[in-house]
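A.B. asks: Please construct the entire structure, taking both the sequences and the accompanying hints into account.
Residue numbers (the numbering used here), protein chains in the order written: chain V, 659 to 932; chain F, 659 to 932; chain R, 659 to 932; chain S, 659 to 932.
Do not rely on the hints blindly, as some may be mistaken.
For chains that are exact copies, the list does not tell them apart, and a pair is met inside one copy or across any two.
[Unchecked claim] Listed next, the in silico PhoX-like pairs over lysine-lysine satisfying Cα-Cα at most 25 angstroms (straight line): (1) 845 / 833; (2) 845 / 677; (3) 833 / 894; (4) 795 / 894.
These aren't lab readings, by the way, just hints derived from the structure by calculation. None of these values were measured; they are calculated from a predicted model.
Number of protein chains: 4
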Amino acid sequence: MAIVLGANRYGKAETRLVKVDRDSDTHRLVDLNVSTALSGDMADTHLTGANDKVLATDTQKNTVLAFARDGIGQIEDFGLRLARHFVGGPIHGARIDIEQYPWTRMGQHSFTRSGEGTRLAVVRFDGATATVKGGIKDLTVLNTTGSEFWGYPRDEYTTLPETKDRILATAVTAKWTFASTDVDWAKAFETARTSLLEAFADTYSYSLQQTLYAMGSRVLTNVTEISEIRLSLPNKHHYLCDLSPFGLDNPGEVFQVGDRPYGLIEGTVRREDR
Amino acid sequence: MAIVLGANRYGKAETRLVKVDRDSDTHRLVDLNVSTALSGDMADTHLTGANDKVLATDTQKNTVLAFARDGIGQIEDFGLRLARHFVGGPIHGARIDIEQYPWTRMGQHSFTRSGEGTRLAVVRFDGATATVKGGIKDLTVLNTTGSEFWGYPRDEYTTLPETKDRILATAVTAKWTFASTDVDWAKAFETARTSLLEAFADTYSYSLQQTLYAMGSRVLTNVTEISEIRLSLPNKHHYLCDLSPFGLDNPGEVFQVGDRPYGLIEGTVRREDR
Amino acid sequence: MAIVLGANRYGKAETRLVKVDRDSDTHRLVDLNVSTALSGDMADTHLTGANDKVLATDTQKNTVLAFARDGIGQIEDFGLRLARHFVGGPIHGARIDIEQYPWTRMGQHSFTRSGEGTRLAVVRFDGATATVKGGIKDLTVLNTTGSEFWGYPRDEYTTLPETKDRILATAVTAKWTFASTDVDWAKAFETARTSLLEAFADTYSYSLQQTLYAMGSRVLTNVTEISEIRLSLPNKHHYLCDLSPFGLDNPGEVFQVGDRPYGLIEGTVRREDR
Amino acid sequence: MAIVLGANRYGKAETRLVKVDRDSDTHRLVDLNVSTALSGDMADTHLTGANDKVLATDTQKNTVLAFARDGIGQIEDFGLRLARHFVGGPIHGARIDIEQYPWTRMGQHSFTRSGEGTRLAVVRFDGATATVKGGIKDLTVLNTTGSEFWGYPRDEYTTLPETKDRILATAVTAKWTFASTDVDWAKAFETARTSLLEAFADTYSYSLQQTLYAMGSRVLTNVTEISEIRLSLPNKHHYLCDLSPFGLDNPGEVFQVGDRPYGLIEGTVRREDR
Chain V
659 MAIVLGANRY
669 GKAETRLVKV
679 DRDSDTHRLV
689 DLNVSTALSG
699 DMADTHLTGA
709 NDKVLATDTQ
719 KNTVLAFARD
729 GIGQIEDFGL
739 RLARHFVGGP
749 IHGARIDIEQ
759 YPWTRMGQHS
769 FTRSGEGTRL
779 AVVRFDGATA
789 TVKGGIKDLT
799 VLNTTGSEFW
809 GYPRDEYTTL
819 PETKDRILAT
829 AVTAKWTFAS
839 TDVDWAKAFE
849 TARTSLLEAF
859 ADTYSYSLQQ
869 TLYAMGSRVL
879 TNVTEISEIR
889 LSLPNKHHYL
899 CDLSPFGLDN
909 PGEVFQVGDR
919 PYGLIEGTVR
929 REDR
Chain F
659 MAIVLGANRY
669 GKAETRLVKV
679 DRDSDTHRLV
689 DLNVSTALSG
699 DMADTHLTGA
709 NDKVLATDTQ
719 KNTVLAFARD
729 GIGQIEDFGL
739 RLARHFVGGP
749 IHGARIDIEQ
759 YPWTRMGQHS
769 FTRSGEGTRL
779 AVVRFDGATA
789 TVKGGIKDLT
799 VLNTTGSEFW
809 GYPRDEYTTL
819 PETKDRILAT
829 AVTAKWTFAS
839 TDVDWAKAFE
849 TARTSLLEAF
859 ADTYSYSLQQ
869 TLYAMGSRVL
879 TNVTEISEIR
889 LSLPNKHHYL
899 CDLSPFGLDN
909 PGEVFQVGDR
919 PYGLIEGTVR
929 REDR
Chain R
659 MAIVLGANRY
669 GKAETRLVKV
679 DRDSDTHRLV
689 DLNVSTALSG
699 DMADTHLTGA
709 NDKVLATDTQ
719 KNTVLAFARD
729 GIGQIEDFGL
739 RLARHFVGGP
749 IHGARIDIEQ
759 YPWTRMGQHS
769 FTRSGEGTRL
779 AVVRFDGATA
789 TVKGGIKDLT
799 VLNTTGSEFW
809 GYPRDEYTTL
819 PETKDRILAT
829 AVTAKWTFAS
839 TDVDWAKAFE
849 TARTSLLEAF
859 ADTYSYSLQQ
869 TLYAMGSRVL
879 TNVTEISEIR
889 LSLPNKHHYL
899 CDLSPFGLDN
909 PGEVFQVGDR
919 PYGLIEGTVR
929 REDR
Chain S
659 MAIVLGANRY
669 GKAETRLVKV
679 DRDSDTHRLV
689 DLNVSTALSG
699 DMADTHLTGA
709 NDKVLATDTQ
719 KNTVLAFARD
729 GIGQIEDFGL
739 RLARHFVGGP
749 IHGARIDIEQ
759 YPWTRMGQHS
769 FTRSGEGTRL
779 AVVRFDGATA
789 TVKGGIKDLT
799 VLNTTGSEFW
809 GYPRDEYTTL
819 PETKDRILAT
829 AVTAKWTFAS
839 TDVDWAKAFE
849 TARTSLLEAF
859 ADTYSYSLQQ
869 TLYAMGSRVL
879 TNVTEISEIR
889 LSLPNKHHYL
899 CDLSPFGLDN
909 PGEVFQVGDR
919 PYGLIEGTVR
929 REDR
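C.D. replies: In structure tokens:
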């Protein structure tokens, strides 16, 4: 059997970019982390070192910066503009990953960095079809009650006691697929984000899986342009402390927070013809 | 010359602790990272391995958890309770470091983690006197304009062009010393935090040092119980992109964000009899 | 269209585990990070909160720890044992991810942590077939010369000067697929690791893609049990400093090291019938 | 009371720099992280924004890069050259912090990054006197046996069981002060590093404090130019797993590794006239 080149791609990862819109006295700020990845007819550079079909990753970075000059707009659109630009000739496919960091205004020209979730976009273009995903990560949420966990099977390795009241906490990563590119991206993002938060808060939970499904289906219900959502939810364990050696009770008041290990619940919710 | 033991201390670092106050239907949440460090007559354990004067760091952790059962209150007070408890017998001094993470309420029992600065307290007790520091870290702020930097000396290694308009961005770390322990801690923190943000936003800046002094003096002006404040301000460089090779101007619109190196400006502002 | 549950899995991530083999005076140490993920008939817990088919992630962790008691052996084998244990009843598939940290012996019972690459294994079992991947990550390598980059197309966004001599540095992540489970895992890992290092060092490189292919094909040549290898190579840019403003030349001597952005070259090398 | 400026300094932090020595066919590599901090007559820039006494942090970075062109030599010497250069006129003091990352040679021009400790230097110069500290950090070590912990007092918050056999693991951070600047720096570092490792490995330990003192005094014994050493040793807890619920014993074989909290033992060992 011969040894051959398989799937491959190359690009410039994590170009950190701030765009200031100064067209009024009240400046607007867009803070991005942009990664580009291209694929196509790249056998030569792998096999012989000939680079005549390689768009240098430095050029990819320059392109991102130059395109920003005209304004970013919504990150899904910015990704589409970039992806469509890159594809052509030996380049058959482009993938653009964008992270947008949240800032809170505190003056006409002044901002504080907020922590309530990084917005995501992943845009792919293959020369014919563009697909767009939106998303969010690092959206950390916690319910102090309204979560139970019991009724799971007990095998020879099971020691976990059942609980009718626990803290439920997670750092949401969600990516949703749009059915088209004709979408009000800003409204879709805000509605999806709000849906995730509200479903987390108002679901009485018997498992993090159940909460995951509630969050995903709420997004699909509220944003009709989204065909599928994938959620990755670490179960950030809060361990109820045993204070009985110190003569104290602990009715759901004092918890030690663990770093590792953590539960990791991943699942997809999607639309289906029936 | 003999080899001898010098200054030393030991403790339990980074006990991660959540306290839920459930005394009403609207739960309150306190999320802490607590570190304890004790010092005193510790020669034996260093020199012979005898541990009869060592309060095990596991016991220190248990103490933190047990004390939380009665409620945290303000973190400065929680630190004072712990420090005063630990000192006695062979233990001559205690230092308690507390970080408090900010959460935003989104329901009676539901919260989202905010990113706008971690509150700090450092409490020391030596058996006679308690000193308290408050503070904040990871408070990231940015001005899109209102910052110049010019007039600095040019030596043989100077290449930086002068600028009359730049982005100024930093992640504030501040620690302030209270002149007493008879303070409304919550009000002091909120006033200090607001003062830092407002002084950053409304200072027209010719150097980050000038902004630092403005922030520090604003805090001292507005919180009379604070005798001294120390600020550490990384200058998070935003480099204006040269888009001229692409036939584009760039009037303060597109910036690349650097990770390293960064400027680091540190300074103290304090009260003094004159 | 209805909203339905799609692909999903759940498990315990990052159980950090040390196993000491004490059967001779010279102890052996195995230091692991183990993640388990199970999938199967999990609709109930997502849709109704019924947990009777959910193997609690705490139980998964206990199983990992208990299985370690009998000895780890090679991590590929440990993963196979775990994966085969978990599958059955409502659990149709298991994926076990293991990281093994390298330590260097400095005594019969004493070790120092080495940095030269974390060994990886990914084992999947679906009730019928087991597949095993091996790998390595965080293997950072650098050539001070023997790397050129030129001949790439210049479009309107290209400013990068061509170079006939540059530093080439990367942090290797590689995952290789074994064609069977009847393999001398330890020998395969050592041979693959050595092949990666040697191919990196002795390939005169015209692009990191070329180096990637050389590394991948070297592994396939030297380890016949491997059918495919996927490499992810960040191009850790070392920028030659322009010292001419200071009256100094710089013939490949002084470099500034960038954090972000970085090139990212990813590719697969595999066997193919011809 | 007036509000006044207190102690302050400013500089460029974390300039990442690689120097290649190409004067023979076998290249040598020095990989550094350099931070500079200057202090002096800096009231103007804080109070009025006048920058005529401010050596721009960009200039400080350029100076570091230009000085590297002549060769780094030992990092203590490189720090001394830089510190002495910066002080003069309004600049009354300089502090240079250097980290040197370890690499292992695998060819004439090829290297792998090693993880066995980052070398440190801290150089201060005040216009008259230079002081030099050396050090190491991230040197992670582990003994599988030869460590006990018992005999500590039991108060109402003590639950830790005593142990006659445990894993002892730490990530060493050490900084040592040289009594002069007339030192064979390379030899001093190697001897100090070896002394730390050997003392950790061959000390039968009743507490991490005892191990700390053994490590510090070993360094002072073996490197006569060092007057004082400060050690910071996190106790990286390895918890013996209770496998009895699964019908298994665990005679010091299987441990879960904790991230937080961790013990933190800090102490100084120094020479003293008697």
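A.B. asks: With identical chains, the pair residue 795 and residue 894 could be close in the same copy or across copies; at 25 angstroms between alpha carbons, which is it: within, between, both, or neither?
C.D. replies: both (15 angstroms within a copy, 23 angstroms between copies)
A.B. asks: Measure nothing new, just compare the shortest in-copy and cross-copy C-alpha distances for residue 845 and residue 677 to 25 angstroms and report within, between, both or neither.
C.D. replies: So residue 845 and residue 677 pass the 25 angstroms test inside one copy only (21 angstroms; across, 36 angstroms).
A.B. asks: Measure nothing new, just compare the shortest in-copy and cross-copy C-alpha distances for residue 845 and residue 833 to 25 angstroms and report within, between, both or neither.
C.D. replies: For residue 845 and residue 833, the Cα distance is within 25 angstroms only inside one copy (16 angstroms; across copies 40 angstroms).
A.B. asks: At most 25 angstroms between alpha carbons: which applies to residue 833 and residue 894, within, between, both or neither?
C.D. replies: within (20 angstroms within a copy, 29 angstroms between copies)
Hint check: no violations occur; every hint is consistent with the structure.
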